[in-house]
Each structure stands twice: as C-alpha cells, then as structure tokens.
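2 protein chains.
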Amino acid sequence: MSELAVRARKLDGADELAALRDRFVLDEAVYLDGNSLGALPGHVPDRVADVIRRQWGELRIRSWEESGWWTAPERIGDRIAPLVGAAPGQIVVGDSTSVNVFKALVAAVRMADGDRDEILVDATTFPTDGYIAESAARLTGRTLRPVTPAEVPDALGGRTAAVLLNHVDYRTGRLHDLPALTAAIHASGALAVWDLCHSAGALEVGLDEHGVDLAVGCTYKYLNGGPGSPAYLYVREDLQPRFDSPLPGWNSHAEPFGMRPSYAPAPGALRGRVGTPDILSMLALEAALDVWQDVSMSAVRAKSLALTDFFLECVERYVPAGRVECLTPARHQERGSQIALRCDDAGKVMRRLIERGVIGDFRHPDVLRFGFTPLYVTFTDVERAGRVLGETVGG
Amino acid sequence: MSELAVRARKLDGADELAALRDRFVLDEAVYLDGNSLGALPGHVPDRVADVIRRQWGELRIRSWEESGWWTAPERIGDRIAPLVGAAPGQIVVGDSTSVNVFKALVAAVRMADGDRDEILVDATTFPTDGYIAESAARLTGRTLRPVTPAEVPDALGGRTAAVLLNHVDYRTGRLHDLPALTAAIHASGALAVWDLCHSAGALEVGLDEHGVDLAVGCTYKYLNGGPGSPAYLYVREDLQPRFDSPLPGWNSHAEPFGMRPSYAPAPGALRGRVGTPDILSMLALEAALDVWQDVSMSAVRAKSLALTDFFLECVERYVPAGRVECLTPARHQERGSQIALRCDDAGKVMRRLIERGVIGDFRHPDVLRFGFTPLYVTFTDVERAGRVLGETVGG
Numbered sequence: 000m001s002e003l004a005v006r007a008r009k010l011d012g013a014d015e016l017a018a019l020r021d022r023f024v025l026d027e028a029v030y031l032d033g034n035s036l037g038a039l040p041g042h043v044p045d046r047v048a049d050v051i052r053r054q055w056g057e058l059r060i061r062s063w064e065e066s067g068w069w070t071a072p073e074r075i076g077d078r079i080a081p082l083v084g085a086a087p088g089q090i091v092v093g094d095s096t097s098v099n100v101f102k103a104l105v106a107a108v109r110m111a112d113g114d115r116d117e118i119l120v121d122a123t124t125f126p127t128d129g130y131i132a133e134s135a136a137r138l139t140g141r142t143l144r145p146v147t148p149a150e151v152p153d154a155l156g157g158r159t160a161a162v163l164l165n166h167v168d169y170r171t172g173r174l175h176d177l178p179a180l181t182a183a184i185h186a187s188g189a190l191a192v193w194d195l196c197h198s199a200g201a202l203e204v205g206l207d208e209h210g211v212d213l214a215v216g217c218t219y220k221y222l223n224g225g226p227g228s229p230a231y232l233y234v235r236e237d238l239q240p241r242f243d244s245p246l247p248g249w250n251s252h253a254e255p256f257g258m259r260p261s262y263a264p265a266p267g268a269l270r271g272r273v274g275t276p277d278i279l280s281m282l283a284l285e286a287a288l289d290v291w292q293d294v295s296m297s298a299v300r301a302k303s304l305a306l307t308d309f310f311l312e313c314v315e316r317y318v319p320a321g322r323v324e325c326l327t328p329a330r331h332q333e334r335g336s337q338i339a340l341r342c343d344d345a346g347k348v349m350r351r352l353i354e355r356g357v358i359g360d361f362r363h364p365d366v367l368r369f370g371f372t373p374l375y376v377t378f379t380d381v382e383r384a385g386r387v388l389g390e391t392v393g394g
Numbered sequence: 000m001s002e003l004a005v006r007a008r009k010l011d012g013a014d015e016l017a018a019l020r021d022r023f024v025l026d027e028a029v030y031l032d033g034n035s036l037g038a039l040p041g042h043v044p045d046r047v048a049d050v051i052r053r054q055w056g057e058l059r060i061r062s063w064e065e066s067g068w069w070t071a072p073e074r075i076g077d078r079i080a081p082l083v084g085a086a087p088g089q090i091v092v093g094d095s096t097s098v099n100v101f102k103a104l105v106a107a108v109r110m111a112d113g114d115r116d117e118i119l120v121d122a123t124t125f126p127t128d129g130y131i132a133e134s135a136a137r138l139t140g141r142t143l144r145p146v147t148p149a150e151v152p153d154a155l156g157g158r159t160a161a162v163l164l165n166h167v168d169y170r171t172g173r174l175h176d177l178p179a180l181t182a183a184i185h186a187s188g189a190l191a192v193w194d195l196c197h198s199a200g201a202l203e204v205g206l207d208e209h210g211v212d213l214a215v216g217c218t219y220k221y222l223n224g225g226p227g228s229p230a231y232l233y234v235r236e237d238l239q240p241r242f243d244s245p246l247p248g249w250n251s252h253a254e255p256f257g258m259r260p261s262y263a264p265a266p267g268a269l270r271g272r273v274g275t276p277d278i279l280s281m282l283a284l285e286a287a288l289d290v291w292q293d294v295s296m297s298a299v300r301a302k303s304l305a306l307t308d309f310f311l312e313c314v315e316r317y318v319p320a321g322r323v324e325c326l327t328p329a330r331h332q333e334r335g336s337q338i339a340l341r342c343d344d345a346g347k348v349m350r351r352l353i354e355r356g357v358i359g360d361f362r363h364p365d366v367l368r369f370g371f372t373p374l375y376v377t378f379t380d381v382e383r384a385g386r387v388l389g390e391t392v393g394g
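As you go down the protein sequences, you meet chains A and B in turn. Numbering-wise (numbering that gives the first Met the number 0), the first sequence opens with residue 0 and increments by one. Numbering-wise (numbering that gives the first Met the number 0), the second sequence opens with residue 0 and increments by one.
Don't read these hints as lab results, they were simulated from the structure. Accuracy of the hints is not assured; some may be wrong.
[Claimed, not checked] Chain B residues, not near chain A, derived (Cβ > 12 Å throughout):
hint: 1; residue: A4
hint: 2; residue: E15
hint: 3; residue: H185
hint: 4; residue: G225
hint: 5; residue: H331
hint: 6; residue: R362
[What the hints assert, rightly or not] Simulated coverage check for chain A against chain B, where a stretch passes if three residues somewhere in it have a Cβ under 8 Å from a Cβ of chain B:
hint: 7; stretch: 59-65
hint: 8; stretch: 74-81
hint: 9; stretch: 94-101
Think of the CB as a built atom: it goes at the ideal place given N, C-alpha and C, for glycine as much as any other residue.
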C-alpha cells in the first residue's frame with residue numbers, strides 16, 4: 000500500500016463526518032460529480048413513495064392542507080436557511096435557478112434608485128445567469144455590463160443598480176470574496192445578488208452576517224435534492240416589503256384563495272412564490288435535507304478543504320509533471336469544493352476515468368472537473384481518483 | 000333503487016371508457032375534484048420508484064443522457080400534443096402555469112407590431128393569469144385591459160397586441176368559443192394566447208386546427224400528472240423562429256453545453272425551456288400520461304357531457320327547487336367538464352358533502368364546484384353525488 004493510501008485510511012479514520020456516508024446510496028465507483036447531481040440519500044425513496052401513495056393517492060386534494068403541501072415552499076426554505084447562514088422567514092423554495100435569478104435581479108433593479116441604469120454581471124458565471132440578466136436588463140430598460148468579479152470594485156459607481164455574482168465559479172472552482180464584494184457593492188449604493196449553486200452545502204455562506212440583499216441557488220448539487228429539484232430564493236428580511244416580483248403568481252398573493260382580480264403581495268418571503276409548487280420534487284428535497292440534521296457547516300468546510308488539498312497532493316504525486324494544470328486556486332479562501340484541471344484531450348480522459356469508476360465531468364473545451372461532497376466522499380476515494388487519473392494520463 | 004340509480008347503472012354498463020377507472024387508485028368516496036387534482040394512476044408509484052432508486056440512485060449523472068432526462072420536456076410535450084390537437088414539436092413541458100403565461104404573453108407582445116400597445120386579458124380568468132398579464136404589460140410597456148370574453152370582439156382593434164383567454168372558466172365551468180374568438184383576434188391583427196388548464200384532457204381543443212398562436216396549461220387536473228406537476232407551453236410551429244423568450248435560460252440555448260457567454264436560442268419549441276427540469280415531477284407526469292394510450296378525446300368529451308347532463312338531472316330531481324342555482328351554461332357548446340352551483344352556505348354545505356364522501360370543492364364566496372373526469376367518474380358516482388347533495392341541502 001502506498002504512503003498516500005495509508006494516509007487516506009488514517010484521514011478517514013479521524014473524519015468526524017465519516018458516518019454520514021452511510022446515509023447515501025453509493026457503489027464501487029468514486030463519485031466526484033456531486034457538484035452536478037448529489038447522490039441519493041437512502042431514505043428518500045420511501046418518503047417519496049408515501050407522498051405518492053398516501054398523500055396523493057389516498058388523501059388527494061386534502062393533502063394541500065393535511066400533508067402540508069401548501070406551506071412546503073417556505074417550510075423547506077427554513078430548512079435551507081441555516082445551511083446558508085440565514086435566519087428563518089427569508090427563503091422560499093420553488094422554480095428553477097434561472098427563474099429565481101430573474102425574480103431576484105428584476106426585484107433588485109426595482110429596489111435601486113431609479114436613475115441607476117446599469118446592471119453588472121459576472122462575465123465568468125454559469126451562462127444561464129448571464130442570459131437571464133440580459134433579459135432582466137432589457138425588460139427593465141437597463142444596460143448590462145459583464146465584468147469579472149475582480150473588476151467589480153472598479154466598475155461600481157453611481158450608475159450601478161445591481162450586481163449578479165456567482166459565489167463559486169462553476170468551471171474553475173474559484174471562490175469569490177462574498178463579504179468584501181457585497182460591502183463594495185453596498186458602498187456604491189447598489190444591491191448584491193448572489194448565486195449560491197456551487198457553494199451552498201459545501202461551505203459557510205453567511206448571507207445574514209454579510210448583509211447580502213438577494214440570493215438564489217439550486218438544491219441538487221451539495222444539497223442532494225434530486226435531479227432538477229426546485230431552487231430557492233433568499234430576500235433579506237428588511238427588503239421584503241419592497242420586493243416587487245416580476246412573476247406575481249397567485250401563490251404569492253396576500254390572500255391566495257380569495258381569488259381577487261387585483262394583485263396584493265403576501266408579506267415576507269412568500270412574495271417570492273409564483274405558481275403551484277411541484278410537490279413531488281419538493282418533498283423529495285425536504286426528505287433529502289434530513290441528512291443535515293446536527294451537521295456543522297464549519298466541519299463540512301474543513302473536510303472539503305482537506306479533501307481538495309489531499310487530491311492536489313495525489314495529483315502532484317501520481318500525475319506526470321505538466322500533464323494537467325490546476326485551474327482552481329491554491330489558497331483556501333479562494334477555493335470552493337471542486338478541483339478543475341486543464342488537460343489535453345480532457346473529453347477522452349474523462350471517458351476513460353468513468354470507465355475505470357472515477358466519475359467526474361468534462362467541461363468544454365479542456366477541463367476535467369472533480370467535485371468533493373464532504374458528506375460522502377472519503378479520502379480513500381480521493382487517493383484512488385488521483386491514482387487512476389495518473390494511470391490514465393501518464394505513461 | 001330509484002329510477003335514476005337504475006339509469007346510472009345502465010349508463011355505466013354502456014360506457015366505452017368504463018374500464019379506464021381501474022387504472023386509477025380510488026376509494027369509497029365520489030371524487031369530483033379531479034378538476035383540481037387528478038387521481039393517482041395506479042402504475043405511477045412504481046415508475047417513480049424506478050426513477051429514484053435506479054435512475055438517480057444508481058446511474059446518477061449518467062441518467063441525463065441514458066435515462067432520457069435531458070429530452071424529457073420536449074418528449075413529454077409530444078405526448079400531450081395529441082390531447083390538445085397539436086402536431087409534434089410544438090409543446091415543451093416545464094415550470095408552472097404562471098411562469099408559462101409570462102413567457103407566452105411577453106413573447107406574443109414581441110411578435111405583434113410594435114405600435115400595438117394594448118393587451119386584453121380575460122377579466123373572469125383564474126387570477127394568476129391576470130396578475131402575470133399585469134406584470135407582462137408593465138415590463139413590455141403595454142397597457143392591460145381586462146374584459147370579459149364576450150366583450151373581446153368589440154374590444155379588439157389596431158391597438159391590440161395580444162389577448163390572453165381561458166378556455167374554460169375555473170369558477171363557472173363556462174367553455175369559451177376558442178375557434179371564433181381566435182379568428183376574431185387574428186382578424187384584428189393580434190395574437191391569441193389560450194390557457195387550457197380546465198379544458199385539456201376533458202374536451203377537444205384543436206390548437207392546430209384553429210390556428211391558436213400560443214397556449215399554456217397545467218397537467219395536474221384532467222391529465223392526472225400529480226400535485227404541482229409541470230405545466231406546458233405550446234408555440235405554433237411557424238411562430239417558433241420569432242419566439243423571443245423573456246426567460247432565456249441555458250436549457251433553451253442552441254448549444255446548451257457549449258457554455259457560451261452569449262445567448263442563441265435553440266430551434267423549435269425548445270426555446271420555451273428555461274432551467275434544469277424537475278425530473279421527479281416530470282417523469283411522474285410522463286408515466287401518468289400512459290392512461291391516454293388509445294383513448295379518443297371525442298369519446299372523453301361525449302362522456303363528459305353525458306356526466307354533467309346526468310348530474311344536472313339528478314340535481315333537478317333531488318335538490319329542493321331554488322336551493323341551488325346552476326352557474327354553468329346548459330348549452331353543450333358552452334360547458335366544460337364541471338358544474339358550478341351557487342348555494343347559500345356553500346362552504347358549510349361542501350364540508351358536509353365531504354364528510355359524506357362526496358368530494359368537490361368550495362370557491363369563495365358561494366360556489367359549490369364539481370368536476371367530472373371522464374376517465375374515472377361513473378354515472379353511479381354522479382347519482383350518489385346528486386342524492387347526497389339533495390339530502391344535505393334539503394329538508
């Protein structure tokens with residue numbers, strides 16, 4: 000057994016989160032794609048079966064009240080809240096991330112001073128954020144200006160209405176400085192909208208602590224909610240009375256069953272709701288969140304960094320020099336929970352890795368992406384991934 | 000046995016759709032709320048269990064390709080298409096009805112001549128359509144004018160950009176004249192957007208035949224897709240190249256995995272997609288649609304009218320004169336698949352009906368609503384509902 004394999008075994012033995020792995024359905028493979036689709040928590044199938052067979056099949060329409068369907072978006076929002084550093088009453092679950100980016104950005108522009116005519120958007124963000132920001136700008140008569148996160152401080156000014164940023168870059172795994180950027184945005188008088196897709200569930204976000212205005216995120220990566228599980232929207236409590244949604248569906252009405260012809264928004268985070276929630280996907284997510292009970296996000300973050308550090312060490316040891324180039328920052332404060340390696344023939348290399356049971360993903364044109372979910376990835380997994388990668392690209 | 004009960008038995012014996020009832024999970028109750036939440040098709044739980052345990056739990060990320068997750072929105076759209084009289088390639092499934100109303104109405108306004116500055120909306124429609132229309136008007140700089148469907152022909156003119164109408168009124172069950180209204184809208188040079196929530200799956204819609212421009216609908220009523228199952232969007236084929244979505248998420252990009260910084264819409268109905276689809280809810284819907292295999296919508300419509308005719312006859316016979324007033328039109332061409340009865344103390348009456356196993360719903364302030372799903376409601380159900388209603392309000 001190699002020295003690294005021995006180290007891996009020791010690290011696993013000392014891992015305080017190790018027992019959580021048993022909560023998930025996993026197999027022989029090393030699953031390093033939880034930053035794309037989280038693994039299935041083992042208790043979820045039975046919970047969803049109950050939702051379908053009993054709540055839908057037997058109670059039917061009564062479940063909107065008796066099974067708590069109607070209040071699921073805000074109830075599940077309150078389950079996500081502590082994971083992103085938010086007090087209750089500020090998050091609702093529902094719709095896709097794209098749709099929530101639209102709500103958040105249009106609402107942010109409407110909360111800004113009317114003479115601020117520019118929206119800044121992270122030029123390196125996951126593309127959908129940029130497309131939706133373009134639409135939000137067009138519909139609100141603002142100009143969209145793509146800048147890198149590093150350029151944001153200089154780009155801010157009296158024209159800036161709102162800034163949409165990604166907390167962790169989906170491609171490189173770079174973690175942006177949410178506290179400092181939010182402070183800079185506020186100093187310029189603009190609103191900060193953060194996309195947490197690649198950070199929530201992997202590290203401490205601190206939404207309330209850092210005064211973030213609005214945030215969105217998906218729930219199918221580190222939160223393991225299932226394929227396409229609904230996204231969420233955070234609206235800071237003091238901004239809620241001014242949250243003016245571009246999608247004022249009946250679920251966000253102050254009196255949804257009053258069937259009033261004119262719209263009057265509900266108080267609080269509820270006004271981020273739109274239409275009828277997709278109950279099956281939503282209650283699968285609710286069940287999946289059970290694994291977070293008593294899990295400390297600081298322990299998660301510590302393990303995440305230990306995993307990525309160890310992976311980089313394994314790559315250094317096993318992969319021939321110059322064969323891959325790490326795109327993820329070395330400094331902990333700039334690193335999310337994934338490692339991105341630039342590699343010639345990355346598409347072919349990833350196919351061979353997958354054949355050998357190391358599941359990462361390939362991002363066009365030349366990036367190998369490996370996600371490290373602290374709840375179920377072991378150091379032994381990491382050593383194997385590094386070793387197989389070395390064997391695949393080397394020799 | 001009363002004469003009506005004998006008639007009910009005979010009608011059930013002659014019902015060519017009778018065997019379909021066995022495809023659903025039903026109990027002792029008479030379920031007349033399928034126009035709110037359709038009953039569970041019996042095979043759905045096992046299908047969803049496979050999606051969760053095998054597709055998510057075992058194949059995980061590979062299921063986006065291997066289990067057909069990625070193409071589900073358009074594949075399931077093509078399953079709905081024949082039910083609403085549409086050729087393939089014009090419907091995508093995803094998001095809520097409210098979100099789809101937004102996409103359809105903003106896109107319709109953008110397809111209309113730029114100097115047309117007014118949107119007409121059905122003043123009697125389900126409220127969310129009106130709220131979303133108000134938002135679409137505000138964001139596109141148009142004026143919103145609520146009118147009743149009967150007033151639409153006179154209200155149309157050179158200023159009209161688009162008209163949003165409901166095919167069947169959710170409250171009264173009145174069926175509006177889609178062919179004539181669509182023709183009138185077109186004659187004025189405007190676009191017609193129809194909401195099919197209360198008609199799809201209960202009667203023939205004929206989207207292609209009548210030249211409807213855009214349409215939306217939910218799938219959890221007569222299509223039995225499950226609580227909050229995703230809605231759909233129809234864009235007529237020849238309009239698709241001009242469909243300019245206000246929600247251009249990455250799923251509607253011409254090259255979604257190219258991760259391009261700038262947006263380029265996919266061809267066809269795909270450009271109605273937005274973000275990552277909610278796979279669990281969506282594939283439950285796909286399974287639910289299996290019951291429509293070989294079902295003729297004209298047979299469904301014929302049974303629907305026979306059921307509502309028979310219910311009105313039972314009400315006439317069993318309910319003391321003047322105790323309820325029917326709000327649903329008597330003429331077949333003006334009737335959807337529900338009967339709405341105005342009744343004093345409607346809330347209390349509905350609670351008592353439900354206690355006695357007749358499940359309808361109450362709409363504020365004074366309406367008893369009974370939906371008749373032709374796939375599983377029997378004439379015996381109808382006779383019992385009428386009899387219990389008579390006993391509840393009479394005497």
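| query | Beyond 12 Å from chain A, beta-carbon-wise, is R362(B)? | reply | The assertion about R362(B) is violated, with a minimum of 7 Å to chain A.
| request: Taking the shortest Cβ-to-Cβ distance between H331(B) and chain A, state whether it exceeds 12 Å. | output: holds (27 Å)
| field | Coverage criterion applied to the stretch 59-65 of chain A (partner chain B; beta-carbon cut 8 Å; 3 residues) | value | holds (count 4)
| query | Are all beta-carbon distances from H185(B) to chain A longer than 12 Å? | reply | holds (27 Å)
| message | A cut-off of 12 Å on Cβ-Cβ distance, and A4(B) was said to be off the interface with chain A. Does that hold? | response | holds (25 Å)
| task | Hey, is E15(B) genuinely clear of chain A, shortest beta carbon separation above 12 Å? | result | At about 26 Å from chain A, E15(B) clears the 12 Å cut-off, so the statement holds.
| said: Taking 8 Å as the Cβ threshold, is the statement that the stretch 74-81 of chain A is covered by chain B upheld or broken by the three-residue rule? | reply: violated (count 0)
| field | Outside-interface status for G225(B) - nearest CB in chain A farther than 12 Å | value | Its Cβ does come within 12 Å of chain A, the nearest being 6 Å, so this is violated.
| request: State whether the coverage of the stretch 94-101 of chain A by chain B holds or is violated, taking the criterion as 3 or more residues with Cβ-Cβ distances under 8 Å. | output: This one holds; 6 residues, not fewer than the three required, reach chain B with a Cβ under 8 Å.
When the structure is compared with the earlier hints, violations turn up for hints 4, 6, 8 and for no others.
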